[in-house]
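J.: Taken in sequence, the protein lines are chains A and B.
Numbering-wise (my numbering), the first sequence opens with residue 318 and increments by one.
Numbering-wise (my numbering), the second sequence opens with residue 16 and increments by one.
Keep in mind that the hints were calculated from the coordinates and are not lab data.
Hints are not guaranteed to be accurate.
[Said to hold, decoys possible] Part of the chain B face toward chain A, derived, beta carbon under 8 Å: (1) 24; (2) 59; (3) 76; (4) 110; (5) 112; (6) 115; (7) 117; (8) 118.
Glycine included, every Cβ here is placed at the ideal spot set by N, Cα and C.
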Amino acid sequence: EAGVTQSPTHLIKTRGQQVTLRCSPISGHTSVYWYQQALGLGLQFLLWYDEGEERNRGNFPPRFSGRQFPNYSSELNVNALELEDSALYLCASSLVHAAYQTYGYTFGSGTRLTVV
Amino acid sequence: QKEVEQDPGPLSVPEGAIVSLNCTYSNSAFQYFMWYRQYSRKGPELLMYTYSSGNKEDGRFTAQVDKSSKYISLFIRDSQPSDSATYLCAKATNAGKSTFGDGTTLTVKP
Numbered sequence: 318e319a320g321v322t323q324s325p326t327h328l329i330k331t332r333g334q335q336v337t338l339r340c341s342p343i344s345g346h347t348s349v350y351w352y353q354q355a356l357g358l359g360l361q362f363l364l365w366y367d368e369g370e371e372r373n374r375g376n377f378p379p380r381f382s383g384r385q386f387p388n389y390s391s392e393l394n395v396n397a398l399e400l401e402d403s404a405l406y407l408c409a410s411s412l413v414h415a416a417y418q419t420y421g422y423t424f425g426s427g428t429r430l431t432v433v
Numbered sequence: 016q017k018e019v020e021q022d023p024g025p026l027s028v029p030e031g032a033i034v035s036l037n038c039t040y041s042n043s044a045f046q047y048f049m050w051y052r053q054y055s056r057k058g059p060e061l062l063m064y065t066y067s068s069g070n071k072e073d074g075r076f077t078a079q080v081d082k083s084s085k086y087i088s089l090f091i092r093d094s095q096p097s098d099s100a101t102y103l104c105a106k107a108t109n110a111g112k113s114t115f116g117d118g119t120t121l122t123v124k125p
């Protein structure tokens with residue numbers, strides 16, 4: 318069974334540019350989550366999508382956005398890149414418990430974004 | 016105060032040692048806890064998931080939850096060099112989000 322796949326693996330962008338990161342969840346998982354892992358800051362929750370809808374978002378500015386497609390794959394878009402956006406962006410998927418709690422995520426290997 | 020605080024480490028132990036990794040949490044709602052292992056340049060990998068107080072074993076790994084003191088631990092028996100990684104504790108919420116500790120980096124020396 319294929320795991321969570323993310324593309325691209327590495328990306329270098331200039332401040333002010335826009336970037337799109339992509340994620341394919343494990344087959345059968347309807348929930349996709351995005352996390353940012355910046356150096357020294359730990360994993361920070363960005364977004365949660367389930368069944369094509371945004372269910373929750375973390376404390377990030379609106380220039381961070383995304384969507385989930387009918388096949389449950391997802392995109393994360395970041396506009397007007399800033400230097401502090403440099404981080405590992407992790408996508409995860411899970412089966413969602415009826416009470417919207419999770420039994421843990423399966424993460425992809427991430428996209429390392431460097432903003433110069 | 017962070018919702019999940021993790022002993023920062025780093026930890027360095029000899030091969031075969033018992034390792035104890037520890038976290039505390041502050042919010043008693045939705046007490047689902049996870050431990051993840053993250054190798055360098057990889058995404059975190061779910062090791063164990065637990066809800067109840069007490070111990071849960073999986074091979075060399077034991078997760079322990081003490082809800083009265085809001086303390087969670089991961090024990091690794093007979094540690095191996097391949098266990099060298101960063102270990103993350105996490106607590107789930109009712110909104111899809113998990114809150115992670117900052118991680119403890121473990122090095123097991125042959």
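J.: Next, verify each hint and record whether it holds.
T.: Status of the hints after comparison with the structure:
no.: 1; hint: 24; in the structure: violated (13 Å)
no.: 2; hint: 59; in the structure: holds (5 Å)
no.: 3; hint: 76; in the structure: violated (14 Å)
no.: 4; hint: 110; in the structure: holds (4 Å)
no.: 5; hint: 112; in the structure: holds (4 Å)
no.: 6; hint: 115; in the structure: holds (4 Å)
no.: 7; hint: 117; in the structure: holds (4 Å)
no.: 8; hint: 118; in the structure: holds (7 Å)
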